[in-house]
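A.B. asks: Please put together the full structure from these sequences, using the hints given.
2 protein chains.
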Amino acid sequence: MRSYGEYCAIAKSLDVVGDRWTLLIVRELALRGPSRYTDLRGGLPGIATNLLADRLRELEHAGVITREDAPPPIATTLYRLTPRGEDLRPLLDELFRWGLPLMTEQNPEDAVRSHWLAGAIGLMLTDRTPDAPPVTVELRTGDQPIVIETRDGTIHTRLGPAESADATLTGPPKPILGLLLGLLGPADAKAGGVDFGGDTTIIERITA
Amino acid sequence: MRSYGEYCAIAKSLDVVGDRWTLLIVRELALRGPSRYTDLRGGLPGIATNLLADRLRELEHAGVITREDAPPPIATTLYRLTPRGEDLRPLLDELFRWGLPLMTEQNPEDAVRSHWLAGAIGLMLTDRTPDAPPVTVELRTGDQPIVIETRDGTIHTRLGPAESADATLTGPPKPILGLLLGLLGPADAKAGGVDFGGDTTIIERITA
DNA sequence: CAGCATCCGCTTTGATACTG
DNA sequence: CAGTATCAAAGCGGATGCTG
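Heads up: the sequence lines are chains A and B, in that order. Okay, so the first sequence: first residue is 1 according to the UniProt record's numbering, each after it adds one. Okay, so the second sequence: first residue is 1 according to the UniProt record's numbering, each after it adds one.
Honestly, the hints are just simulated from the structure, not real lab data. Mixed in with the good hints, there may be bad ones.
[What the hints assert, rightly or not] Going by beta-carbon spacing under 8 Å, a handful of chain B positions derived as facing chain A:
#, residue
1, 4
2, 46
3, 116
4, 206
Ideal Cβ placement from N, Cα and C applies to all residues, glycine included.
C.D. replies: Dropping the structure here:
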C-alpha cells in the first residue's frame, strides 16, 4: 500500500496493517497461533497465493510477524506473531465488537470457519453463576466443533470435540450465534434449525 | 472493496471500513465533528476527489454517516457520524495507540495537521497532580495551535490559541511529541528545535 | 505437497480537468 | 463549494508453473 504520507498515528497504523487481507492474516495468527503457509491459506478463502506471500513479507519487514523453522521432525516454516504483532489483539477485538451486529446478515456464499467464531465467542459471553460447578457446552457448526467451558467464572473456548459436554448446540452458525447473543429465544433458534442436546438450561447461564 | 465473503465479525467490519481512506474519513469526522466536503478534503491530503465522493456515498449507505443540510444561513451540506459511526471511536483509539510508536519516524514529506495530534494527545497524557490548580499549555506546531488544559484531573485538548497559556512549546511536531511522551528529555527536545516558553515545570506535570 | 513466482485480465486508485 | 468525468497506472484475483 502506498503510504498515506500523514504525520498521524492512525494513518501510520494503516500504512502497516491497512492493506487488503493484512489484518485478516493477523487474525489467523492470533486465533490459531503459529501457522504454516498452507494453514493460513485455508483460513483465508479467496486470497491469491502470491498476495499471501507478499503480505507475509511485508508483515515480517514491519516487525509484526516472524518466520521460523518448525522444530524437528516437522520440516516446514512457521509464521508467528511478534510481541508487536500481539499488540494488535485489542484492535482485532474492537473490529470484532463493531462487526458483531453485522453477523445477523449471513450471505449464503459466506465461508464459515469454526475458529473465527471460537476465538471471538469468549469476548461476548459471561458466566452468570460463577460459583456453580463448571460446565461444558459443545457447538457443532462450521468445519469443526467448538467447546465452551466455564472455569473460575470466566468463559474459555477452544476447538475440537469435548470429552463430555453438558449441553450441545447443533445447526447453522447464525441462529446459534443469535441464541448465544440473546437476540433469539430457544424457540426461534429451534425454528432456525438449531438442535438442542443435553441440559439446555445451561445455555441461559452463559448467554449475554 | 469486494467483500471478503467470510462469516466472521472482523471480516464483516473490514467489508465496511476496510477500504483505503475509509477509516481516515471517519477519523476526520470524529476529530472535527460535522464537516463540509471541502474541509474533509483538507484533512485528507492526497485523496482523489472522486474517491472521497465515492467513500462518502458508501459510508452513508452503510449507516456510518449522514449528510444533512446545514442550518441557515449556511448553504452547504454537512457530513456527520451516526451513532453507529460514533461506535468506531474505540477502534480509532486502538489504531492510534498501536501507531504511536511509529510516530518516531517522521518522513520529511509527511503532511502535518494539528487536529490529528490534538484529538489523540488526550489519550496519552495524564495529570500527575490533579489537585493542583488547573494549567494551560499551548503547542505551536502544525497548521494551528493546540491547547492542552487540565480540568478536574483530566486532560482536555482543543484547537485554536489559548487566551492565556501557562507554558508554550514551539517547534516541529516530532520532538514536541517525544517530549510529551517522555521519550525525550527537555535538553534533547531543545536540541530537536523545540522552544520552551512560560513555566516549563508544568510540562513534567502532564507528560506520560 | 509446501511455498512460493509469473503471467494476464480486470478492478480500483490517483491525477487532472471540468461543471452547476 | 461540491462534486462529476476521464484516463493512465497500480493493485488485485485467478490460473498456472516452478522448486525443494
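A.B. asks: Less than 8 Å between beta-carbons is the criterion; does residue 116(B) satisfy it with respect to chain A?
C.D. replies: 4 Å, holds
A.B. asks: Taking the closest Cβ pair, is residue 206(B) under 8 Å from chain A?
C.D. replies: 18 Å, violated
A.B. asks: Interface hint check: residue 4(B), Cβ to nearest Cβ on chain A, cutoff 8 Å. Holds or violated?
C.D. replies: 7 Å, holds
A.B. asks: Grab the minimum C-beta distance from residue 46(B) to chain A and call the hint holds if it beats 8 Å, violated otherwise.
C.D. replies: 6 Å, holds
Taken one by one, the earlier hints fail for this structure only at number 4.
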